[in-house]
Amino acid sequence: MIDVEEMTSLLEPNGVLFRTLKGYEKRPMQVEMLRSVATAFHHNQIALIEAGTGIGKSIAYLIPAILWAAETGEKTIISSATIALQQQLIEKDLPTLLTALDLDLKVVLVKGMHNYLCLKKLKDTHLETEDLSYEDRENLFKIEKFTSQMIEGSRHELPFKLTQRLWEKIMAESDSCNHVKCPHYKECFFFASKKKAEEAHLLIANHHLLFADLSIRSLTQNHEETCVIPFYRKIILDEAHHIEDIATEYFAKKVSRLGLAQILGRLISDRGGGKLLMLKKKIEQLYPKGGEQIEAILSQITLDLSAQKRGLMIHIEKLFTAIADFFSDQTEEEVRIRSKHLEQPFWIQHIQPLAQKVLDNSQKFVVSIQALCEKIELLNDFTLAKGTEGIRNDLNGISSSIPPLFNILHEFLFTPEEISKVKWIETKGMNVSLTIADLEVAPILKEHLFDLYPTVTLCSATLATDHSFTFIKKRLGISEREHIIERIYPSPFDFEKQALLAVPTDLPLPNHPDFLRKATELIRQAIEASDGGAFILFTSYLMLKTALNLLYFSLEAKGYSLFIQGEGSRHALLESFRKSKKGILFGTDTFWEGVDVVGDALRCVILAKLPFRVPTEPLMQARAEAIAEKGGNPFFDYALPQAVMKFKQGFGRLIRNQRDRGCVLCLDTRLVNKEYGQLFFKSLPNVATVFDSASKLPMRLQAFYAHSSARGPCS
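Going by this note's numbering, the sequence shown opens with residue 74, and the numbers climb by one from there.
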């Protein structure tokens with residue numbers, strides 16, 4: 074087994090990594106974190122680790138994972154929440170470490186099946202281009218030409234953007250996969266990637282894919298062989314503060330108007346495409362002269378099944394329109410469904426009868442498709458059976474995926490409220506979606522993850538609240554037991570010299586009508602003090618747009634470059650911001666974390682308000698009620714710890730290395746005027762603070778930046 078002390082010595086001044094990694098500086102907290110992870114590996118322990126910015130946490134957990142794999146041959150999976158971190162591990166950290174350690178280990182980024190191009194579906198789609206737009210047709214031909222140049226066959230490799238509609242027509246998926254029976258099996262991108270993963274020592278994945286694997290392993294009791302992911306014994310969860318939200322999303326059941334229309338459209342489309350029409354064309358090619366039995370099959374497709382699909386879609390449209398009408402007086406996008414809704418006359422007399430028609434017609438449609446496929450098989454016509462085998466497999470695969478969706482519809486609309494579940498309706502534009510989620514995912518994670526895998530390392534820059542892991546352990550189902558390692562490693566940066574946290578004492582509360590008007594004036598003055606180089610982070614897109622309208626012309630007139638979330642990809646906005654000396658980025662949730670802007674490009678981070686989640690969101694509301702029923706305090710036991718962790722993420726955008734300087738301005742006076750504000754301060758590193766009136770703060774900020782400019786960057 075690995076020697077923990079020998080491992081930590083690699084990062085000491087005389088160690089291999091210290092000598093070979095260019096520009097490496099000893100970081101005592103990184104060495105201690107490595108020791109914690111290595112100990113967890115060695116003794117089969119759960120480790121909870123909060124590692125502040127600058128610790129170098131990825132190096133600290135990768136070294137034990139690498140050396141464990143080299144010593145034992147056992148696989149370790151490293152799971153994260155973001156693509157950016159996965160790319161950093163695959164493209165930078167792991168190659169650097171493996172070279173420095175002179176080890177030849179195989180590392181694979183494991184992706185879900187839907188990320189890969191299906192060669193069979195690509196070929197089939199060329200036969201049903203009638204329902205494709207001109208742009209999709211052009212891209213389809215581009216893909217065909219580019220296929221020979223693809224190495225892994227993933228969507229990420231394509232040098233041009235595709236519509237989601239086109240990608241869904243050509244992506245690999247389990248429902249329509251014929252495995253070894255497929256004529257393209259030997260050159261299949263997905264199965265090639267699976268083979269590489271089975272040969273790898275280290276697996277990099279996202280949390281969604283890990284949960285998919287854990288879920289199926291639990292259902293099948295498969296704890297030794299390849300499942301969604303090849304078998305692994307050690308798990309490292311980076312960005313672990315996302316685990317509860319991602320697990321909730323993964324294990325939730327969801328059905329939507331758009332989703333149903335898309336899957337039914339894959340069978341037969343109003344625009345002239347779909348697998349059923351492909352089947353019709355194939356039969357016509359095989360039997361151009363027809364025949365009684367052939368004509369009967371063609372008639373069943375053209376008349377019977379086409380009519381059934383049109384009728385089913387009419388009922389679906391009526392149902393979802395009725396559901397939307399039922400909640401037309403609601404201002405929120407998400408509305409929680411309670412038992413009282415199911416008892417209302419409109420629900421009983423209108424929605425449920427419409428739903429029953431949908432369920433009856435969907436069942437009839439699926440049975441008819443499967444009967445058609447069976448009928449072709451029973452004709453004992455070799456040419457017909459062989460010639461249509463692939464399309465019939467696709468039809469059976471797609472049609473078998475339909476009943477589970479309508480089962481969710483039935484459960485949502487007919488089943489009374491369950492204590493352990495939360496149901497809500499969400500409307501976005503013309504789409505209406507129905508979701509059933511678990512009230513708590515802790516029991517699921519305990520059963521699928523922590524009770525089955527003795528070595529699980531969870532790490533993040535924000536995992537603790539009030540210097541404790543009690544909150545995260547409770548939310549994730551990590552029981553109190555002796556073999557848990559809990560460590561908080563503070564950032565090595567000197568925040569007292571490098572940063573200033575400023576808070577106005579007299580702005581209105583964020584829910585006050587005058588808040589944004591007065592807050593934007595302070596934002597404008599803060600930006601003048603920093604001369605741009607600012608992130609302005611909001612908790613809602615509506616607040617962002619309102620503030621932007623108030624600030625846009627005055628900021629643009631002063632020569633600042635504005636970068637607005639929604640007007641380009643996150644990557645493109647960040648690249649442009651980094652190149653701009655006077656950039657101002659307006660962002661919401663996606664920019665609060667996982668964003669790394671090093672150097673003078675980012676000098677100011679403005680947090681519009683404390684990042685509490687909306688208490689009326691169905692899931693938040695239900696979880697708050699559950700906590701209260703158990704005698705807890707929903708605010709202090711749930712809402713506040715979540716907000717503290719999010720606040721730490723927002724604060725952490727500013728100082729990314731030892732030379733960075735800047736100010737974090739939080740416009741929410743609750744930070745200083747409410748007693749619970751101390752929890753936010755206690756969660757931060759020791760940082761210089763200034764609390765003053767909104768009229769005086771700009772001068773304090775100007776003094777800070779003038780002093781910083783005179784001193785130069787931290788050395």
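Derived from the structure by calculation, the hints contain no laboratory data. Heads up, the beta-carbon is just placed ideally off N, CA and C, and yes, glycines get one too. Keep in mind that the hints are not guaranteed to be accurate.
[Said to hold, decoys possible] Listed next, with one range per pair, are the computed distances between beta-carbon atoms:
1. Gln335 <-> Glu147: 38 to 48 Å
2. Ala369 <-> His252: 55 to 65 Å
3. Thr578 <-> Glu211: 22 to 32 Å
4. Glu559 <-> Val440: 21 to 31 Å
5. Ser766 <-> Lys631: 42 to 52 Å
6. Arg651 <-> Asp248: 41 to 51 Å
7. Ser221 <-> Arg597: 19 to 29 Å
Could one say that the CB atoms of Ala369 and His252 fall in the range 55 to 65 Å? violated (32 Å)
Gln335 versus Glu147 beta-carbon gap, inside 38 to 48 Å or not: Taking Cβ atoms as reference, Gln335 and Glu147 lie about 41 Å apart, which means the hint holds.
Starting from the hint 19 to 29 Å, judge whether the C-beta atoms of Ser221 and Arg597 obey it. violated (55 Å)
Given the hint of 21 to 31 Å, is the C-beta distance from Glu559 to Val440 inside that range or not? Taking Cβ atoms as reference, Glu559 and Val440 lie about 55 Å apart, which means the hint is violated.
Does the Cβ distance between Arg651 and Asp248 fall inside 41 to 51 Å? holds (42 Å)
Between the beta carbons of Thr578 and Glu211, is the distance compatible with 22 to 32 Å? violated (59 Å)
Starting from the range 42 to 52 Å, see whether the pair Ser766 and Lys631 falls in it by beta-carbon distance. Violated, at about 24 Å.
Hint violations for this structure: numbers 2, 3, 4, 5 and 7, all remaining hints satisfied.
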